[in-house]
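Colleague: Listed below, chain by chain, are the residues.
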Amino acid sequence: MNPIPLNHFVIFSLFLFSIGLYGALTRRNVIGILMGIELMLNAANINLIAFSRYVSQSPETGQIFAIFVIVLAACAAAIGLAIVLAMYQNRKTVRAEDIHILKW
Amino acid sequence: MAYAYLIPFFPLLAFAVIIFNGKKLQYKSAGIAIGGSLLSAAVSTLVIFETLRGGTYSHSFEWLRVGTFSLNFGILIDPLTAMMLFVVTYVGSLIFIYSVGYMHEDPRFSRFFAYLSLFMASMLGLVLSSHYIQLFIFWELVGLCSYLLIGFWFEKTSAAKAGMKAFITTKIGDVGFLIGILLLFACAGTLQFKDFTPEFLSAKAQTGGALLALAAILIFAGACGKSAQFPLHVWLPDAMEGPTPVSALIHAATMVAAGVYLVARSFVLFSHFPQALAVVAVIGTITAFMAAFIALTATDIKKVLAYSTISQLGYMMAALGLGGFSAGTFHLMTHAFFKALLFLGAGSVIHGTQTQDLREMGGLFPRMKITSLTFLVAALAISGVPPLSGFFSKDEILLTAYESGQNIIFFILLATSFMTAFYMFRLFVLAFLGKPRKKIHAHESPAVMTVPLSILAVFSALIGIPGSPYLNHWFQGFIHGGHSQEIHISLFVIKCSIAAAVSGIALAVIFYRFFPKIPEFLAKVFKPLYLISCNKFWLDELYQWVLIRPFMKISQLLFKFDESIVDGAVNQSAFQTINLSGIKNWFDQHIVDGAVNGVARITQQASRISRKFQTGLIQNYLLMLLLGLLFTMLIGFYR
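Chains A and B are the protein sequences, given in the same order. The numbering of the first sequence is the numbering used here, which starts it at 1 and goes up by one. The numbering of the second sequence is the numbering used here, which starts it at 1 and goes up by one.
Treat the hints loosely; a few may be bogus.
[Unchecked claim] Now the in silico label distances, taken between C-beta atoms and shown as ranges:
id, chain 1, residue 1, chain 2, residue 2, range
1, A, R95, B, L626, 19 to 27 Å
2, A, M87, B, W586, 47 to 55 Å
3, A, Q63, B, Y621, 27 to 35 Å
4, B, Q589, A, M35, 56 to 64 Å
5, A, R91, B, V592, 42 to 50 Å
6, B, S610, A, R95, 24 to 32 Å
7, A, M35, B, M624, 20 to 28 Å
8, B, A600, A, S18, 40 to 48 Å
9, B, V592, A, L85, 50 to 58 Å
10, A, P59, B, I635, 27 to 35 Å
11, A, E97, B, W586, 43 to 51 Å
Source of the hints: derived by calculation from the structure; they are not laboratory data. We put the CB at the ideal spot given by N, CA and C, even for glycine.
Given these sequences and hints, build the entire structure.
Modeller: Pasting the structure below:
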C-alpha cells in the first residue's frame, strides 16, 4: 500500500537539510543564507508530513504543523528580505561579513 | 570774604579739565590754565582790597572728628596771606602767559599747563590754610608738583634724577616738619594758627617750653627743606633741569618762599623762643653767604640764578631769625618779582640762543633789547640799587641785623650783598655785553614772552615803594596788622648797602667787560677759594660719601640679607613643597591611577579574549550552533 518506504523520505529530507545547512554556512550572500534556511525548513516539513503519514494515527496533525511552518517561513523570509533590502539601500552591500554594525 | 574759598578752586578746575582732556584741547589748554589763574587773581584782588581796608577773615569747618578732638580746616586771611596771594596769583599769571611762548614746541604742552594749574591751586591752598595739618597737606602737594615739573623732561636722565633728588631732600625736612607739628600738638593741644597768641604761648611755655622750642626748630627743618636752606639746599640748583618757567614760578618766586612763609606764619611761636630764632638766623646767614659765594663761579646761567635764589632765601630767613618779620616778608615779595623776572629773562635768552652756558653767550644786547633791558632792571633791583625794589627790602634786612647788635651777621650779610651785586653783573656782562664768544643765532622772543617780562620789570622797579621811607613804611605797618612800625633809618646802613651794591657792580663790569684777565689771575692766586666756590663747598660730594654711600651699603647689606635669608627661607619652603608634591605626584600616578588603570587594563585584556567569540559573522554563529548540536548529540549517543 505504501510504494515509497519511510526511509526514503527521511534520507531525502536529510540531504535536503544538509544542502540547506551547507548553503547557510558557506554563502556570503545574505539572500543565499536565507535560501539555505528555507531549504532546511522545507526539509523539516517533509519529515513532518512523512512521519505524520506513516506513524501518526491522525495524519492531519503533521500537515497542519507543516502549514504553520510554511506560514512562519514566509513571514521570516518577508522580514529577512525587508532587512536585506533596507541594508542594501543604506550600505550598498548584501555580503554577510560586511554587515557588522551591531558588533562592537 | 567767604568767596576766598574760590581762589584755589579755579586753578584746580583748570587742572581737572586739562588733565582729562589734554589730547583734545592741545593749545587751548593754555587758555584754560591762564583763565583759571586770572580768575583767581581777580578774586584775590578783591580779597586784598578787603584786607587793605583792615579786614581779616577766618572761617573753618570740621573736616575730621577723632573722639572728642575735631580737626578744623578752613581759611585764614590776614595781611601776610594777602601779600602771598598777591605774589602767587600775579607772578603766577604772568609766568603762565610767558610759558605759552616758552613751551610752544613741547609735545606735552597741555600736560605742562595742567601741572602748573595744580601747582597754583596747591600753593594758593597753602597760603590760605588756617591749620598746620591743612598747610602740611598743601605743602606736600606743592612738593609733588615741584617733582613733576622738575622731571618734566624725564627723557633726560639728569632731569629725572634731579626730580628725585628734590623730592627726597625736601622730604627729609618734611619729616622734621611733621614731627614738629605733632610735638606742637602734644604741647599746645591745638594747631589752628589763630590760637597761637603770645599770651597763649606764655601760658603753655611754663610747662613745656623746651618742647615747644624744639617743635619750632623742627618746623624750621621743614622750611629748610622747602626753602633750600643750608644743609638741605642741594636740590635747588639741580632743580634747574626743569623748564625755565617752572624754575621761575616754583623754584624762585613762590614755592621755595613757602618755607619763609611758614616761618613768618609761625612767627609768634618762633619769636617766643630766642633759641629757635637764633637757629633760623644762623642757618639763614650761612645759607646766604655760602650760596652767594658759589654763585660767583657758576657758569650756567640758570645755576647762577638758582644759587642767587638760595642766597636771597637765606637773607629772608636771617631777617626773620633776627626778629625782622616785616623785613623778611617784604623781601619775600620784592624777591618774588625780580627773581621771576631774572629767570624769565634767562629763559628768554635760552629760548633765543639754545644754550645755557654763560661762556658761550655775549653781545646779546643789540639782538634782544627788551630781554636785556628788563634783565638789567631785575639785576639792579637784586643788587640793591636805589630806588629799585631790592634796595628797600635788602636795606631793611641789613638794618634789622644792624639794630639787633649781631655785628658778625650784619657784616656777613653785607658781604653777601656785595657778592650778589658782583655775580649778577658778572652774569649780565657775560651774557649781554661784549662780543659774541660763539656763533649763535640769537633772536628776540615773541611778544607773549616779552610782555610779561616788561610787566614784571615795572613791578620789580616799583614794588619796593610801599615799604620805602617815602610812603612812611606803609607796607611794614600793613603786614603787622595795622600797627605802625617804628623804623629808624640808619644812614650808616644805607651807605654800607649802597657802597656794597655799587662796588660789586663796578668790579664786575671792570673785571668782565674791560679786563677779563683779572678774574683768571685772581682764580690762580686764590686757588683754594676758587676751588671751594667751583665745587660748591664739596657738599654734594660730602653727602655722597657721608650719607648716600653708607646708605647704599646698608641697603645692599639689607638686600643681601633679604636675598639670602628671607628669600632663601621662602624659596626653600617652595622647594620643599615642590619635592613633597613630587612624591605625592608619584603616589597618585602609580598607586591611585595605577589601581584605576589596572582595573581598566585587566578588563581590556579579558575583553580581548571574549570578543573573539563575537565576530559579528552570522555564519560563525551558525557553525558554532551546529557544532554544539553535534557535540550534544554525540554525548547523547555515547551515553
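Colleague: I want to verify a distance hint. Is the separation of the beta carbons of B:A600 and A:S18 within 40 to 48 Å?
Modeller: holds, 47 Å
Colleague: Does the beta carbon distance between A:P59 and B:I635 stay inside 27 to 35 Å, or does it fall outside?
Modeller: holds, 34 Å
Colleague: Okay, B:Q589 versus A:M35 on CB: inside 56 to 64 Å?
Modeller: Roughly 59 Å apart at Cβ, these two residues keep to the hinted range, so it holds.
Colleague: Given the hint of 27 to 35 Å, check if A:Q63 and B:Y621 actually sit that far apart at their C-beta atoms.
Modeller: holds, 32 Å
Colleague: Does 19 to 27 Å hold as the CB distance between A:R95 and B:L626, or does it fail?
Modeller: holds, 21 Å
Colleague: In this structure, is the beta-carbon distance linking A:R91 and B:V592 contained in 42 to 50 Å?
Modeller: holds, 45 Å
Colleague: Hint says 24 to 32 Å; check whether the CB-CB distance for B:S610 and A:R95 agrees.
Modeller: Holds - the Cβ-Cβ distance for B:S610 and A:R95, about 26 Å, lies within 24 to 32 Å.
Colleague: Starting from the range 50 to 58 Å, see whether the pair B:V592 and A:L85 falls in it by beta-carbon distance.
Modeller: holds, 53 Å
Colleague: A range of 47 to 55 Å was offered for this pair. Does it hold for the Cβ distance of A:M87 and B:W586?
Modeller: holds, 53 Å
Colleague: For the hint 20 to 28 Å, verify it against the beta carbon of A:M35 and that of B:M624.
Modeller: holds, 21 Å
Colleague: Does the Cβ pair A:E97, B:W586 satisfy 43 to 51 Å?
Modeller: holds, 48 Å
No hint from the list above goes unmet by this structure.
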